[in-house]
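Top to bottom, those sequences are chains A and B. Using this note's numbering, the letters of the first sequence correspond one by one to residues 1 to 171. Using this note's numbering, the letters of the second sequence correspond one by one to residues 1001 to 1303.
Don't read these hints as lab results, they were simulated from the structure. Heads up, the beta-carbon is just placed ideally off N, CA and C, and yes, glycines get one too. It is possible that part of the hints are untrue.
What the hints assert, rightly or not - Distance windows between CB atoms, simulated:
hint, chain 1, residue 1, chain 2, residue 2, range
1, A, Lys169, B, Met1063, 43 to 53 Å
2, A, Glu109, B, Ala1217, 51 to 61 Å
3, B, Lys1218, A, Thr150, 24 to 34 Å
4, A, Ser61, B, Glu1030, 40 to 50 Å
5, B, Glu1033, A, Pro101, 21 to 31 Å
6, A, Lys169, B, Ala1217, 44 to 54 Å
7, B, Lys1156, A, Glu78, 31 to 41 Å
8, A, Asn120, B, Asp1031, 15 to 25 Å
9, A, Pro101, B, Asp1136, 56 to 66 Å
10, B, Glu1200, A, Lys116, 47 to 57 Å
11, A, Pro101, B, Glu1219, 47 to 57 Å
12, A, Lys155, B, Phe1023, 17 to 27 Å
13, B, Lys1203, A, Tyr110, 29 to 39 Å
14, A, Glu115, B, Met1063, 31 to 41 Å
Claimed, not checked - Computed list of lysine-lysine pairs in DSS-like fashion (alpha-carbon distance at most 30 Å, straight line):
hint, chain 1, residue 1, chain 2, residue 2
15, A, Lys151, B, Lys1155
16, B, Lys1132, A, Lys64
17, A, Lys24, B, Lys1012
Residues per chain, in single letters:
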Amino acid sequence: MQKDIRDNICDENLFSTLFQKHAKNLHDFLYYKFGQQFNAKDKVQDSFIKLWENCGKIAPSKAKSFLFTVANNLMLNEAAHQKVVLKFRQHKPKMHTNESPEFVMREKEYQLKLEKAIANLTEAQRTAFLLNRIEGKKHKEIAELLNISTKAVEKRIYGALKKLKEEIKEL
Amino acid sequence: MIEMKREELIKKWLDNELSTQEFEAFKSLEDYEELVKVSDSIQQLELPDYAITDEFLKLKQTMNLQSEKATTPWVKYVIQIAAVLVIGLGVYHFTFNSDDQFSTLIAEKTTLELPDASEVVLNAKSTLSYNKRNWDSDREISLNGEAYFKVSKGKKFTVITPSGSVTVLGTQFNVKQRDNLFEVICYEGSVMVEYDTKTEVLKPGDNFLIIDGNYIAKEKETASNPSWINNESYFSSMPFEFVINEFERQYNLSIELQDIDLEQRFTGSFVHNDKTLALKSITLPLNLTYSLKDHSTIVLSRE
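Next comes chain B alone, as it looks inside the complex (with noise of 0.2 Å):
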């Protein structure tokens, strides 16, 4: 456990990032209680309140807008969001124009890919708008009616109506499928994972997995997020063949294997940036060695 400067672990408290044991950490310090008041106490001042829709109505009376026809009153709008895991690459448009427009007639319903392949079914009567080209930084839906999305991984999603706005807050979730892997983690939210027959709701730190078609049950998941998201690769008892799979995903190499168990199981790590440290952290543990058969070829034998 890397010792936490004092100043990072306030810094993470107050990002609420903090994991169990830092959280510990962080308790132990010396001024936690002074600090924990402050930031209670912070609580109790006074925020006086903002409704939207009363002062969106001050302010069209305000500008004099032309009043909506008195046959169309503010009709309340339903959505449904779901996180419906997706395995695959989305196919990515790119075009230069603004806004994507969609409407629907009466009776009509329509299925709409989004740019990171979320879907979106809109009901009769809708229409719907968003940005294409910013669509990897800021998915944001304008929406008048109603519609069902299924949300893929990315950044947070937002719908957005004339009568208020819906955001599906951090749903993060990994999936990984590889040849004959399959690992699902959630992170923060639920999501749902269907895999063959089996049907499971995961809640923040439940994984699920399946090698070689077979369930394996594993610990819970106490990190905040995938560890390869911050540049290195982590496994925990986990078959030899998936780490050099993904080594081999890492650094563009080919790994050649010289009487080398693949079943053989691994915890550990290695970094995505440093060629020499990952192989050492591959090998080392398990007693191999390793040696460069040509620049794009690495061997590893037993020692």
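Chain A with its partners taken away, still in its complex shape (with noise of 0.2 Å):
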């Protein structure tokens, strides 16, 4: 059977589905530009609550850009004049270590100094950079998610990298 439906967000089949889709998506982005004290869990839960309630008037092909500009703003209006930080998971301590001291000494000071280059670059640097290199997203990938164009993204991931080494070197 053959039907035309007119897409509704406010179907509840159509709500759970872009919520799979765009959920973590939307998660991971928020976290890669804002940081770590910023909830973000909390700011997707608030975005969709607004799509839910503007329902009616957004089409499903708008929902997307709708989510990110909503948590965008959410966020920019609470992460105001804020430093960015984001956190190195901690060092596990190991059954047996053939490290020596020094050489676990001098990758904690690696990863504090990649720490704070990582706050220092650009929110779209940051952003693409981390998508590219902890998701692995391809450029292209990223391109279509931030809405810019791939030679956009090239360029801010490679100049995110490059600032990064540099700066690791002089700290």
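Take each chain as given, in its own frame, and dock them per the hints.
In structure tokens, the structure reads:
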């Protein structure tokens, strides 16, 4: 049977599908852009609530850009003027360490430098860079996600890598 | 081997697009180790988990949605996805509607053809919908139930269900079927080729070539995609007739041959956007010359 239906986000199934599709991407994007002290999970929830409240007015094809814009704005209000921090996982103590104490300390120092350097990247560079390095997203995918050109993505990621490398050397 | 600038090499590395040779060049960069160290260390960043199902339940509670009837739990949906080669052109349906929706009843099955000739078999009591108009750029299907997919060549193919989504990631393969030549090359993922009574599964780099009904063994393909995508046709030890045929297709010209052996092997390439250069590329290596007979015909002859 074939029916043509008018899409409506107010339909539970469609709304649920939209959540499946966008929630994690949105969450990770907020995390990369704003760092860890702001509750990305909450902002994702808030954005979807807003989407539901306006479900009759938004076309499904516009849902993604709506969610990202709303979430970004909610975050900006809270994160204004605050420094971005992304932390490293706590170094798990190994059972049999064949690394010298000096090596472990140098690794910790390196990580701290890297943390600082990441916080110093521009939001644009950091977001694109982390989406590429941590999630393994292709330049093209990131371009689609952020609504910019592939060339712009390449520039941001390359710029980020260059900056990080230089800053770590200097610190 | 064109020398890649340092920046280009690094950019390709970041996008995971380096060929084996390019990777060697990358490894020999002065700061190779520093770059790799930054990249590896990034993996140590603490990324908070995002449990989609839990978060969605939380959302529903917050929004006080009507709860599902107690008798319909989340059922696990089984989806099998296979990438099967499809020869030929699909028929494109253009409409101005939004989503098309298909549903089956109990004990009913149905087969659908998607706008790009991908095939879907829908099992009983299932619903499927997709946007016909966007299909070329966004192959996404919403599914509630069970379906079997045969994905034809194209962009990423995603199936979204209320419980989770599945993506056929870059199954990239090239199919060439021209007159008496049939060739399949797999660039990513895996592809099963069926030709006559032969069946073969190709992994990236593998190719399958039949000319005049004969299976031809070839070396592994090292490029990450076929050259013609980048507007250049490349041939490796191919009978000249195929080179000519492809040239005619790319330039919409007719080629007449005078006393030339069509079976002789040609290795080389020609670009798609410079007729003169292309003609030189296919004539000089074989000691041939060309002349223009009229505005749509070129004559090739021996020097």
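Verification of the hints:
1. A/Lys169 x B/Met1063: 43 to 53 Å: holds, 50 Å
2. A/Glu109 x B/Ala1217: 51 to 61 Å: holds, 55 Å
3. B/Lys1218 x A/Thr150: 24 to 34 Å: With a Cβ separation near 32 Å, B/Lys1218 and A/Thr150 satisfy 24 to 34 Å, so the hint holds.
4. A/Ser61 x B/Glu1030: 40 to 50 Å: holds, 47 Å
5. B/Glu1033 x A/Pro101: 21 to 31 Å: holds, 23 Å
6. A/Lys169 x B/Ala1217: 44 to 54 Å: 51 Å Cβ-Cβ, so the 44 to 54 Å window holds.
7. B/Lys1156 x A/Glu78: 31 to 41 Å: Given about 34 Å between the Cβ atoms, the range holds.
8. A/Asn120 x B/Asp1031: 15 to 25 Å: holds, 20 Å
9. A/Pro101 x B/Asp1136: 56 to 66 Å: holds, 59 Å
10. B/Glu1200 x A/Lys116: 47 to 57 Å: Given range 47 to 57 Å: holds, Cβ gap about 53 Å.
11. A/Pro101 x B/Glu1219: 47 to 57 Å: Roughly 52 Å apart at Cβ, these two residues keep to the hinted range, so it holds.
12. A/Lys155 x B/Phe1023: 17 to 27 Å: holds, 22 Å
13. B/Lys1203 x A/Tyr110: 29 to 39 Å: Since B/Lys1203 and A/Tyr110 have Cβ atoms about 38 Å apart, the given range 29 to 39 Å holds.
14. A/Glu115 x B/Met1063: 31 to 41 Å: holds, 37 Å
15. A/Lys151 x B/Lys1155: holds, 20 Å
16. B/Lys1132 x A/Lys64: holds, 19 Å
17. A/Lys24 x B/Lys1012: It holds: about 27 Å lies between the C-alpha atoms, which stays within 30 Å.
This entry satisfies every hint, going by the numbered hints stated previously.
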